[in-house]
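Position chain B against the provided structure of chain A, taking the given hints into account.
Residue numbers (the working numbering), protein chains in the order written: chain A, 71 to 365; chain B, 71 to 365.
It is worth saying that the hints were derived from the structure and are not from the lab.
Quick caveat, the model's predicted, so the values are computed rather than measured.
Heads up, none of these hints are tricks.
Label-pair distances were calculated between CB atoms; the ranges are: (1) A/THR129 - B/GLU206: 56 to 62 Å; (2) A/LYS363 - B/ARG357: 31 to 37 Å; (3) A/ARG110 - B/SER327: 34 to 40 Å.
Using 30 Å as the maximum straight-line C-alpha spacing, the simulated BS3-like pairs for lysine-lysine come out as follows: (4) A/LYS288 - B/LYS363; (5) A/LYS162 - A/LYS74; (6) B/LYS363 - A/LYS283; (7) A/LYS363 - B/LYS117; (8) B/LYS288 - A/LYS363; (9) A/LYS117 - A/LYS74; (10) B/LYS363 - A/LYS117; (11) B/LYS283 - A/LYS363.
Which chain A residues stay away from chain B? Per the calculated CB distances, all over 10 Å, these: (12) ARG110; (13) THR111; (14) ALA132.
The beta-carbon is built from N, C-alpha and C at its ideal position, and this holds for glycine as well.
2 protein chains.
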Amino acid sequence: MSKKPLFQRIALIGFGLIGSSLARVVRRDGLAGHVCGCARTDKTLAKARELGLADSFTTDPAKAAEGADLVVLSTPHGVYRAIAEAIAPHLKPGAIVTDVGSVKRAAIRDVAPHLPAGVHFVPAHPIAGTEHSGPEAGFEQLFADRWCILTPPPGTDEGAIERVAELWRRAGMTIEMMDAGHHDAVMAITSHLPHLIAYTIVGTATDLEEHLKSEVIKFSAAGFRDFTRIAASDPVMWRDVFLNNREAVLEMLGRFSEDLTRLQRAIRWGEGDVLLDLFTRTRAIRRGVIDAKQA
Amino acid sequence: MSKKPLFQRIALIGFGLIGSSLARVVRRDGLAGHVCGCARTDKTLAKARELGLADSFTTDPAKAAEGADLVVLSTPHGVYRAIAEAIAPHLKPGAIVTDVGSVKRAAIRDVAPHLPAGVHFVPAHPIAGTEHSGPEAGFEQLFADRWCILTPPPGTDEGAIERVAELWRRAGMTIEMMDAGHHDAVMAITSHLPHLIAYTIVGTATDLEEHLKSEVIKFSAAGFRDFTRIAASDPVMWRDVFLNNREAVLEMLGRFSEDLTRLQRAIRWGEGDVLLDLFTRTRAIRRGVIDAKQA
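Same shape as in the complex, but just chain A (with noise of 0.2 Å):
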């Protein structure tokens, strides 16, 4: 590689699908000097190494992250705090910590506090995604034209938000930076409520009479397939989404219920103008989507 690398030693702890592909896109266009890759099973890193995702390997995040000036979470939240506990004592001073994950209030919650004074905590999410999980599924291309949203603390260090800016730019993300409890706020309607929501409706088709089942699958173009591709998302990712992003997800699935039993009421006793007036309102947050170029 001729170009110059962003880091001299990064930890990549996770291999997932967002782990995965970032650890493809630092090999492909050479952004470490030295890649340690860390994942918790054997056999999630046997799998690593086959397909070349780091330079060396470890189970234990400790001595991933020994002398390296970038460390990447790309966990479940649900390990955050055991792992900065367990990677702070062997931090160097003026290395960034930087995680990819779902709910940011929570991230320096369970973050932050362990790391030693003099390296940053950089929180990050970028927003990319597909419904399949592992090492396997993760492909350099996952990212581009993406947004990564950062959400620093007021006071964290500027050149290091900035190195991981650059990260996710290379990447071919397009940086926002945004107060956490914003992101939260923001996600709990755009990512986590549709999310919930479609965990549900496959779940009470799952608990269908035998009869009606079957045919659900056979008749799942006319809507519901799009839900079992979303409820098809990682379990224990989403489990540690909704336990740390808990008082926004509240807050936007009470509205969500407040307007279905509302539509419920309307078809109930027949009130077409209820139902009219918000199949037509509607549109027009489609609209919003497309010339935003996000459809």
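Chain B only, in chain A's frame:
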């Protein structure tokens, strides 16, 4: 056209997405000796004429039905009864009336009693669609490799059923016979509830505070986007679906709401095992959808 037409004279009433797509198929394959197109407004009729979707045109369903051996209702459900009443005196003995609507018990309720003896009603539901509406939105391939469900009441003329089945086979569809009530229950969970939920969440987003709303569109690719597409479907058609499949939709909506409330409680009280269990089970349905080649 060298092929022998299936029908001497077809009356196509309604030039929305389905009606105009069927018109294109009928013209392409020469399935009718003469096609008379009927739309409610002069504007739609002019557009249908411009697109060459029929041989003759009228805004009067009775005139369109005069002498037809097949009448296809492709209008919103809400006008079925009025059209049935209007065309009844003008239908010739042995004529077949069919429809393309998403609700079949109500179609039988609103059409059959008004037709004269000797005229055959064959309720049909070609399961195909996009989020676009109107005569310009139609295309020949809309029906290719999709299901068409026929729900003729017991005693319906077998020859009439077969002729309607053959029409949709020519459009590329696979025919499935089903009891109307069963059809409505299956569609309530596979199509109607998904649409209702999508409309609801997009409505919830529409009502957000301004500082959140613009972000929702910007970051819609995180999951919300798929719902905006579904919620851009034709408002009048969908109003009529919910008003006319009330019992089945309310039944499925009740189950969905119970399941959602259970998840809400699990999130509030941090019951990760409840979430993980559901999120794991829903993957099985996705595999079923993929195995059934409906993904």
